[in-house]
Amino acid sequence: MTAGGFGVTAEALDAHAKALEGLQGRLQTAVDAARSVSMPTDAYGIICQPFRMMLDPVEQWGLDAL
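For the sequence shown, our numbering gives the first residue as 22, with consecutive numbering after it.
Since the hints were derived computationally from the structure, they do not count as laboratory data.
It cannot be assumed that every hint is accurate.
[Unchecked claim] Estimated spans, in silico, between C-beta atoms of each pair:
#	residue 1	residue 2	range
1	Met60	Ala86	12 to 22 Å
2	Pro61	Glu32	45 to 55 Å
3	Ala40	Gly83	17 to 27 Å
4	Thr30	Ala51	30 to 40 Å
5	Gln81	Ala31	20 to 30 Å
6	Ala64	Ala38	37 to 47 Å
7	Val29	Phe72	49 to 59 Å
8	Gln81	Gln49	14 to 24 Å
9	Tyr65	Thr30	52 to 62 Å
10	Val29	Thr62	44 to 54 Å
11	Gly25	Ala64	55 to 65 Å
Note that the structure is predicted; figures quoted are calculated from it, not measured.
Just so you know, even glycine gets a beta-carbon here, dropped at the ideal spot from N, CA and C.
Go ahead and model the full structure; you've got the sequences and the hints to work with.
Below you can see the structure in the form of structure tokens.
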């Protein structure tokens, strides 16, 4: 290890890259699944439609987090 730096082995870096590639695929699957489902506006009935509209930002925050 050099002063003020760090050492990396090529094998460790390759293994880490492969792990990240696998994670990217799983995260993309989660995002696709989250985008494919959404509650309809009348999910809680006509009287409770405002409640459903309050959930829209929460749903979007979840998608943004993924």
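With 45 to 55 Å as the target window, see if Pro61 and Glu32 comply at their CB atoms. The hinted range 45 to 55 Å holds for Pro61 and Glu32, with Cβ atoms some 51 Å apart.
Starting from the range 37 to 47 Å, see whether the pair Ala64 and Ala38 falls in it by beta-carbon distance. 42 Å, holds
Using the Cβ atoms, figure out if Tyr65 sits within 52 to 62 Å of Thr30. 56 Å, holds
Does the Cβ pair Met60, Ala86 satisfy 12 to 22 Å? Because 18 Å falls inside the window, the suggested range holds.
Lying within 30 to 40 Å: is that true of the beta-carbon distance Thr30 to Ala51? With Cβ atoms ~31 Å apart, the hint holds.
The hint says 17 to 27 Å between Ala40 and Gly83; measuring C-beta to C-beta, is that right? 24 Å, holds
Distance restraint hint 14 to 24 Å, applied to the beta-carbon atoms of Gln81 and Gln49: For Gln81 and Gln49 the Cβ distance comes to about 18 Å; the hint holds.
Honestly, do Gly25 and Ala64 meet the 55 to 65 Å range at C-beta? Hint holds: Cβ distance 58 Å, inside 55 to 65 Å.
The hint says 49 to 59 Å between Val29 and Phe72; measuring C-beta to C-beta, is that right? Once the Cβ atoms are compared, 52 Å apart, the range 49 to 59 Å for Phe72 and Val29 holds.
With 20 to 30 Å as the target window, see if Gln81 and Ala31 comply at their CB atoms. Distance hint for Gln81, Ala31 is violated at roughly 41 Å.
CB-CB spacing for Thr62 and Val29 relative to the 44 to 54 Å hint: Given range 44 to 54 Å: holds, Cβ gap about 52 Å.
Hint 5 alone, counting from the list given before, is not met by this structure.
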